[in-house]
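**Q** Each chain, letter by letter, is given below.
Number of protein chains: 2
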Amino acid sequence: MKSFSTVLSRLLVILFISFLGCKNETSKDTTTKEAAQVLKDFTQYVNPFIGTSNFGTTNPGPIAVRGMANVSPFNVAGPKNLPLEKDSRWLSTPYINENPFLTGFSHVNLSGVGCPELGVILAMPTTGSLETNHLKYGSTYSEENATVGYYTNKIDKYNVKVEASATTRVGVSKYHFPAGDANILLNLGLGLTNEEGAMVKVVSSTEIEGMRSVGSFCYYKPEEAYPVYFVARFSKPADKFGIWKKPRTYTGVEADWMTYNAETRIKENYTKEVIGDSIGAFMRYKFDKPSTVEMKIGVSYVSIENARENLEKETADKSFDEILTDTKKEWNTHLSRIEVEGGTANDKTIFYTALYHTLIHPSTLNDFNGEYPKMKTRETLKTDGTRYTVFSLWDTYRNLHQLMSLVYPEQQSNMVKSMLQIYDESGWLPKWELNATETTTMVGDPAGIIITDTYLKGIRDFDVEKAYEAMKKSATQLENNPLRPGIKDYIEKGYLTTTTVHSGSVSTTQEYNVSDFAIAQLAKVLDKKDDYKTFSERAISYRKLFNKEFNLLRPKNDDGSWVTPYNPEAGANFEKNLGFIEGNAWQYTFMVAHDTKGLKELMGGDTPFVNRLEDVFDKNQFDMANEPDINYPFLFNHIKGQEYKTGQKVSELLKKYFKNTPDGLPGNDDTGTMSAWAVFSMMGIYPVTPAEPKYAITTPVFDKITIRLNNKYYKNSQLVIKGGGNKKGKIKGVKLGNTNIKGFFINHSDLVKIGTLTVSNKQD
Amino acid sequence: MKSFSTVLSRLLVILFISFLGCKNETSKDTTTKEAAQVLKDFTQYVNPFIGTSNFGTTNPGPIAVRGMANVSPFNVAGPKNLPLEKDSRWLSTPYINENPFLTGFSHVNLSGVGCPELGVILAMPTTGSLETNHLKYGSTYSEENATVGYYTNKIDKYNVKVEASATTRVGVSKYHFPAGDANILLNLGLGLTNEEGAMVKVVSSTEIEGMRSVGSFCYYKPEEAYPVYFVARFSKPADKFGIWKKPRTYTGVEADWMTYNAETRIKENYTKEVIGDSIGAFMRYKFDKPSTVEMKIGVSYVSIENARENLEKETADKSFDEILTDTKKEWNTHLSRIEVEGGTANDKTIFYTALYHTLIHPSTLNDFNGEYPKMKTRETLKTDGTRYTVFSLWDTYRNLHQLMSLVYPEQQSNMVKSMLQIYDESGWLPKWELNATETTTMVGDPAGIIITDTYLKGIRDFDVEKAYEAMKKSATQLENNPLRPGIKDYIEKGYLTTTTVHSGSVSTTQEYNVSDFAIAQLAKVLDKKDDYKTFSERAISYRKLFNKEFNLLRPKNDDGSWVTPYNPEAGANFEKNLGFIEGNAWQYTFMVAHDTKGLKELMGGDTPFVNRLEDVFDKNQFDMANEPDINYPFLFNHIKGQEYKTGQKVSELLKKYFKNTPDGLPGNDDTGTMSAWAVFSMMGIYPVTPAEPKYAITTPVFDKITIRLNNKYYKNSQLVIKGGGNKKGKIKGVKLGNTNIKGFFINHSDLVKIGTLTVSNKQD
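Protein chains in written order, with the UniProt record's numbering: chain W, 1 to 764; chain A, 1 to 764.
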């Protein structure tokens, strides 16, 4: 019987892992589908329009879990969308809720970022004669609606109903045309990116292939521009097909001979590659009666062949409706990892939409066959798991990866492995990696913080020695160190000076401190005693920048003197500030969660600390939309008797900034960081100190939260948090299992081991 | 014994066919090579610099017989080449002998054309640090030399010796670098064409692949632009490689954020596709000592895969020297079809260089595997023989194809078959076909003239019924007829009017007359009696435009009245002229060789005819560089007692316009038409009437000319023309074999049947 039971138990483990969807998303199997069928429908609580205004920069278009493809309505081109028009200002989203003028649907997009990029491979259905100028073929739209994995609208000018869905690497659209002439345009000129250049080729009356150059994220590193490939398939053969090209405008004597100078050219029935900055392809139909055409666009960052294989493997034998059903199921499987009870309908929508936003980025880079481009050179490599991309780590090291470690540890494991692949390929861990390019956006050396945090939470199925080596490399290499500019000063003086860097000498010092703290923590568990000591010391060097005059951090000059005169308020709202990047002294001083005790002492003890912390809010210096201060509300938990302020602040912030409306995010979602803040906050726990496996506790929004744990990483199959509902009073007590705990922090290992956390409010 | 002798004779036929090189050039075999080895070296008489000045628009770069690839030095870019600089004027050649500033070597080029096109895929060796701006990396050059299939120079700035050769579809270069840093640049932005857009991808440290958009020949039909593909291989792995891209210049608010706006980007070790109007790839080397790198660039109009296969099949296992030897041998095999004896060294060079120029275009379109792009849509098709391209038929119908029919009938057969393929694919015979696009340049309907001429010369291994159908189609379809605009008027009135066409109403009428004459001649041998009658009548309708007042042709208005006032001189030198395109009444009136008798009668008999013909020369109206009048000198043969003037004029024209110097062509070579004129004229025979298989006779330049006939088409294995050397006196008598013939014309069939023509001068 032993062998039978072993087999049985293994089988159960496998089934449960499948149920959790922790296998690579591309290898779905019947078990997963069947399991998903019995789940409640959590997708009903997602409102994809949240974050589509107020610069949330999310889009309502369908996407699969961590999908590479995403069919977003594109309404940021053309004067009719002013003032939120892409060429007239810095705009980083393909869709803005209040914009009226639609010029198509882009098939690769970023969600919740602050820089314009991607937003390319635009498809647009039109009717009547062929028009290839988006300013002319664009239209208002109505009857807009979106649910998880589904978007629909009506394009007013043509009376065409559009429906869209997506698999991991394929955008799928269904166009409902009236009778008459119909066109499907594939515009490869228009895009959100500031890169240009595309290739397109009509393969047959049902297929178009091509590529589009993208890159220069944040108007930076243009030399790392790279291609995205696609194959588009149409359910009905076109009656006519072709391409268009608008060439550049010639000047001088040659222009005199060119009667066609700068005129758009149409090439009907042409089947070779066409190249240019402003090109596109079209399919034309003549319908006797109202008809639908389904279009599938497979994408890849490796090759056209892979884009075609992605399309075929993920969608070849499936109708639009089947794809939509499967994608919704996949989402539900993921969203169901957390079940909340209690709270209002809006609370649920805010919560699940936030959770949905945390499952978009990091997203999938590798193709169905496992191939993905190597960093920088873009040679083709192959991965066994998922190679994730869009690592906006300065944002996400603070909470998103902590959420993944708790709820989707199999994904977090793969994300760490992806970071190590990036290290293998480029020699450095990522900072802001995007589709196998290192954009080097923002500051600090955040990857190691995430690695330590993940490892300390018990997710250890990666090469930790390599990870440690990579972390130490960026912490110690003095020359040509792309992750830690100014490292020499940092090591010698303990801080960067206003001479070392042109901006953010204090904040960068703090970031390095947090990274060094992470190295120390990992060194400790790896029994590297010397390193532990060294990096623990380095981790608190920010103290040298603490200025008693202001009771805040303050930048220092190269000679060790304070920067004078000094206005701690300067630096908010992207003002240039010598000491701080994207923030000021108020927004950064407390960003030393690993040394809150030390900071308290510097400030003169508990009371001055709490007063100063309270000042941040009172002086309106708290910025919910910016990462450095987002853990501030939870710092009140450190001060006995002041813990209630955590619940107070969090509750206020949730109410003020997180809403079931398009402007329901405080600003850029920062690839899910804002949303992760909401998810944790609403669950009543927050990972206040990156690289330290503990949570600050506050009042959950819901009565009961059940997190289904992945048994590959956690012994318990669930974690239940019981809360005080929406009541905002002081916490009366916190129980772990049946035991009252002291204070308002809880270790990750205790939490998942015991499996029940009860937060009781005084009013209960 | 019978069976043995049959086998033997078959073997001999096969051997001889091989010897003649009449098999597809791509399927060379040992027999051909060995046969070639025993031949005299005729390549020594070719001077590839003839035609590289005075707008001859040939280039001295290596090319195989009817090659697709051609490595031409490119010295027409940049102000340093003014006034003959490509962007400052209408310039149609990649190389001009007197220009000093070289910016690379282009790998696909046109020879002897009047419109800028191709001249792309530019390679350039440089030394020192990487510079990608051609205005900066360009250099003067020296030590220039060229022979058949070979070109060399020294690039002064870098002290790099360049050698180049070519196979049919592969350009081969050998760069001799000094010690130090060396670069090989592949510039895909720069080009003679006015099209833009390219893709490039570094495949490995020894291979680059890509494509370049070309088209809009004569600044026309931009919608028919198309790609040329390439694969470049390098004999030594590069130490570094990469690409560059110069993006367009942004303006407006976005430009403020782009610190890199319009700056050239370098991407080292990058291995994905890069797309743009101004891009290139580079290989970099660090040489300890002087070193050579051989570079092979395979081209294709079908695909990158085919370009690679072309490269591999034609050159993979061969060194530069082996390729050069083989290419020279192939040329010698072809040039040796005609052996001249007597004449000066310059005469021989002028003759063989002219013959060489007739063997460049039409050139090969199909790849090694037989694939070629279909007209317009560019789907991939496959041919058994050679699919020829570059059919500048308004030029070449007058003499080049007649030369091919006589000397290279297997090629001429294939050219007719190519024309029929074009008909199959596009529905129309070619007019000015270029790489599977119909440029519709110039006027008339010339393909049928060539088809009839070929058929009547006994070259009949093509589908003549299809050809006849195609010819009749363009002669009879009244609407949407791309070959014969104005056909309605032409059929109704017998001529086009100044209302029918905006230019060239008379000359176009004449062209249609010649075409209709050709249809009539073919109808006659195909026993289509009604058609023969109809088209014979149509063929002389130009007579309605004969104006007694001027004794010249004159355009008519729509109401049948003469255009008044009328200046017959107007229209030379590309002036706009209502009646004539590229010419005037003098240069066109006699262009009715098929009805010289009729013209004589219109003019009032022999004497007025001769006087008017003499007037053309006396009034300086004869234009050697323009096709309509190039058979005028031979028309004197029609008038008894005046025949000597043919020899006189031809001799004068040869001396004046055809020289062993860069300006040794009268103007554009017109894809070999000027050269074919020289070849025939120097041999003492000229195909004075297109579509009539006869030659006008004049004094040959050489004592003896031996044409080795192809036994597949001709019973005799040779045709010998014996002449009066360079003496310019009147012809005393003409003998065909041993028989004196009357008059100064000889039928093609008699000539090739008897095999000996002796032209004796009075002074002999």
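One should not assume that every hint holds.
No copy is singled out in the list; a pair is fine if it fits within one copy or between any two copies.
To be verified - Calculated lysine-lysine pairs in the DSBU-like style (CA-CA distance at most 30 Å, straight line):
1. K246 - K221
2. K236 - K382
3. K201 - K313
4. K382 - K201
If you're looking for bench data, these hints aren't it; they were derived computationally from the structure. Nothing here was measured: the structure is a model prediction, and the numbers come from that model.
**Q** May I ask which of the numbered hints given earlier this structure violates, with the numbers listed in increasing order?
**A** When the structure is compared with the hints, none of them turns out to be violated.
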